[in-house]
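**Q** Residue-level listing of the chains:
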Amino acid sequence: MSTRLLSASAPFILTVLVFLALAIALFIGLGQPPLQTLAALVQFAVGDSYSLSQTLAKTGPILLCALAAAVPGRLGLISVGAEGQLHAGAIAGTAIVLLAPTWPAPVLLPLMLLCAAAGGALYGYVPGLLRARLDVNETIVTLLMNYVSVLLVAALVFGPWRDPASQGWPATMQFPPAAVLPALPGSRIHLGLLLGVIAALALHVYFNHSRWADKVRILAGNRKVGETFGLSFGFWVIVLMSVGGALAGLAGISEVSAIQGRLQQSISLGYGLTGFLVSWLSRHQPLIILPVSLCVGGLVAGSDALQMFAKVPAASAVILQGLLFAAALAVPGLLARWRNAS
Amino acid sequence: MPDSLVQFEGVTRRFGDLVAVDNASLDIRAGEVLAILGENGAGKSTLMKMLYGLYPASAGEILIHDAPDKINGPADAMRAGIGMVFQHFSLLPALSVRDNLLLSWPRTPFWKSRRNTDTADVLATLAELAPHIDPDCPVGSLSVGEQQLVELCKVLNIDARLVILDEPTSVLTPDEAERLHGFIKQLAGRGVAVALITHKLADVEACADRIVVMRRGRVVDIAERGARSITETVALMMGQSVERKLQRPPVLEKIVPRLVLENLSARRPEMALQNVSLSIAAGEIVGVAGVAGNGQALLAEVVAGVEPLTGGDVLLDGVSIARHNPYDAVATPLGYIPEQPRDNGVVGTMTLARNLALRELAQGNRPPVTGRDLLFRFNVNPPDPMKTAGTLSGGNIQKLVSARELGGQRQAVLACYPTMGLDLAAIEMVYAAMFAQAAAGAAVLWISEDLDDLLAGCHRIAVMREGQLVALLDNSSTLTREVVGAHMIGLTETEAAA
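The listed protein sequences correspond, in order, to chains B and S. The first sequence begins at 173 in the working numbering and counts up one residue at a time. The second sequence begins at -16 in the working numbering and counts up one residue at a time.
What the hints contain is simulated information worked out from the structure, not anything from laboratory work. Be aware that a few hints might be false.
Cut-off 25 angstroms, straight-line C-alpha distance, at most; resulting in silico cross-link-like pairs (SDA-like, lysine to any residue) [stated by the list, open to error]: (1) S:Lys168 / S:Asp192; (2) S:Lys183 / S:Phe72; (3) B:Lys396 / S:Pro252; (4) S:Lys53 / S:Ala113; (5) B:Lys396 / S:Glu322; (6) S:Lys183 / S:Ser73; (7) S:Lys370 / B:Ala508; (8) B:Lys396 / S:Asn308; (9) B:Lys396 / S:Gln394; (10) B:Lys396 / S:Asp296; (11) S:Lys370 / B:Arg383; (12) S:Lys237 / S:Asp457; (13) S:Lys370 / B:His381; (14) S:Lys183 / S:Met403; (15) S:Lys370 / B:Arg511; (16) B:Lys483 / B:Gly248.
Fair warning: this is a prediction, and the values are worked out from it, not measured in the lab.
This is chain B alone, in the form it adopts within the complex (with noise of 0.2 angstroms):
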């Protein structure tokens, strides 16, 4: 074992050490027996295979959200919009679904997804646009039309899309089975994990093998000097916004179409801001992402797990996820700066 590796892994390995340290912590703070509980939390994140399949089900959409603040952030771009943009994919999907609900699962699964894709980049669209055109923030538009298609899901299922046979339970009519994504047998692992594996697979090829990945680097790296030879910032601001957002919709979709059977409010379990971390954690390196999206995945599915069975409150699953991203963030910085002081 080199010393090397030893210095390149100590970063996460600490990272680790500390976040247990502080979620033994917090489980002394809420009167739980700190180790019992720990192994709790593993048990429940891949202790079984339902446990697993739990995890899986929620390592979906946090790996699309990543992705989807990944494709413009490999820009220097901030986009906060992964949550409304699953919600617009979600409105988008369930939408075509709503108009033909009869059509045969070949023509329907197809055109639901790309439905849903369509109605996330659009939700990208608008921000790139207005970026690239009026150098409007990205960040400040993402994160207030978040709130537009979170709230517009709300006004559908309690207006125009309720189910009437629901006894005034705000959702839509439940999904035909021609609507409902493929999934592993007796698992919640559907096919929205699948492309998210693809496309983040895709992305690291695009972004770091394809002759075009030095497009977005140089613009990235110097934006002048991009211009001089011919790159327009605003095209791919529009193109990455765009992208992002279609895979956040194919997010919002997959939630609807193979967890929830139907159109309701909270399809995301705040999946956009949990994805966002994923993918600056990551350095919007898709391949990082992946296994990022896994842990986090697990955590969210554990903790979730624990509010049910053990004694701690709902919001711990919460302040775990703050945990795990306060140490991640805190500790390699901190790591570097004593390095350099000794």
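Chain B is already provided as a structure; the job is to place chain S on it using the hints.
**A** Then chain S, alone, in the frame of chain B:
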């Protein structure tokens, strides 16, 4: 000298290899206006910034009367009664004039209120200097000239014995400049010493008591007002020719227009280009002279298709190469060496090899494999293609950009200050590459502040002032730096000859 307030003794300041100020000795006396005159980069600002404590001197001493302590920063300087007004103001536009003055006032109390008697003191100078400015008005809504007055008040409020003004009239209208000259004389009358950094002879004429001329880091002359004619002063500023082994380019046998600027107009904040027309023939080298900040940067970016134009066109062999619409992107066919290549010419996060191949990579093509040869040919240090460009020194980045732009044959070359920060050997190497381009038929547009080099290497010299081409001179043997210099600073030829 009894009344000397500040004395520079053999002060030198180096930045890496560059000697910005070289063994400068002079004194500043109470109650006088000392003009420090020189071209851009002559070391005027650096000299004064050392006095203000922004840079320590590399060698030599700065003695300040009645202030035995060493000046380690602007705070020390202010305590010693030295204040400086910079070219770029340090005002907070959103705050009122009063708050801006209070912020920099050493005696500002912990809390402030309109009834606070102390805060009235802070406005006393303002009332005297500029009674028309409302102290409750946000600074952002004032004109540039008014902002400068506020900045001046800040300095006067620290009871300055010496006020340094860095190019104070460069942003002012003629009326405002005239008023400022009046204030400066008033200040001197009250016994305050004023050091006025400028490259405008008008400032010197209006209010200087003594004139220091600096060139290339050296103090070349100190004279009382009126002791030198304008011509002598200009000659001192521009200096004598330096020996550079530049071959005068061969006379063109036939004129075939290659790079043509037709009535170019463009605009960006604080600078407008108006009706610039110029035709450069194949094989011809046309120099653009001018005091920095007179539109050369904008001209270069418009010709290179980086900045969109608002009127006219740029044609290369009859084909437009300009950016007509801000949403378009144009890949420039020119060999283009931008000014400040670290910011404008390289991608700092990418390797040298990739930076040499930006043209190809931006088009999605495979990069050529000539990287290492080019690095050696242009003497880039280290010649390691896998090194990240951002880690190179300024001079090596300049060479890197030259290697990319001049390494292969171009139809036309646009070079902005292509030798900035280079040593003598590298300068000659870059010039050789540029002249070789012309010899092979490229049209060369060469923007420079170095009149000696332009006179040695150009067929024609265009002079830019305030966004316009004010003169286009054939570089015959009778053309002198004084004539070009006079055009640069806006003197007519008869005045310059006087």
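**Q** Starting from Lys183 of chain S, check that the Cα of Met403 of chain S is at most 25 angstroms away, please.
**A** Holds - the C-alpha atoms of Met403 of chain S and Lys183 of chain S are around 23 angstroms apart, at most 25 angstroms.
**Q** Quickly compare the C-alpha distance for Lys396 of chain B and Pro252 of chain S to 25 angstroms and report which way the hint goes.
**A** The given pair, whose Cα atoms are some 17 angstroms apart, holds under the 25 angstroms limit.
**Q** Does the alpha-carbon distance linking Lys396 of chain B and Asn308 of chain S stay inside the 25 angstroms limit?
**A** 16 angstroms, holds
**Q** Does the structure keep Lys53 of chain S and Ala113 of chain S at a Cα separation of 25 angstroms or less?
**A** 34 angstroms, violated
**Q** Taken at face value, is the distance from the CA of Arg511 of chain B to the CA of Lys370 of chain S at most 25 angstroms?
**A** At roughly 24 angstroms apart (the allowed maximum being 25 angstroms), Arg511 of chain B and Lys370 of chain S satisfy the hint.
**Q** Tell me if the straight-line CA distance from Lys396 of chain B to Glu322 of chain S falls inside 25 angstroms.
**A** Satisfied, since the Cα-Cα distance of roughly 12 angstroms is no more than 25 angstroms.
**Q** So if I understand the rule, the pair passes when the alpha-carbon distance is 25 angstroms or less; does Lys237 of chain S with Asp457 of chain S pass?
**A** 16 angstroms, holds
**Q** Holds or violated: Lys370 of chain S with Arg383 of chain B, Cα cutoff 25 angstroms?
**A** Holds, because 21 angstroms separates the two Cα atoms, which is no more than 25 angstroms.
**Q** Against the 25 angstroms threshold, does the CA-CA distance of Lys370 of chain S and His381 of chain B hold or violate the hint?
**A** 19 angstroms, holds
**Q** Between Lys483 of chain B and Gly248 of chain B, does the CA-CA distance stay at or below 25 angstroms?
**A** 43 angstroms, violated
**Q** Please work out if Lys183 of chain S and Ser73 of chain S have their alpha carbons no farther apart than 25 angstroms.
**A** Cα-Cα ~23 angstroms, so holds.
**Q** Holds or violated: are the alpha carbons of Lys183 of chain S and Phe72 of chain S at most 25 angstroms from each other?
**A** 20 angstroms, holds
Figure legend: structure checked against the earlier numbered hints; hints not met, in rising order: 4, 16.
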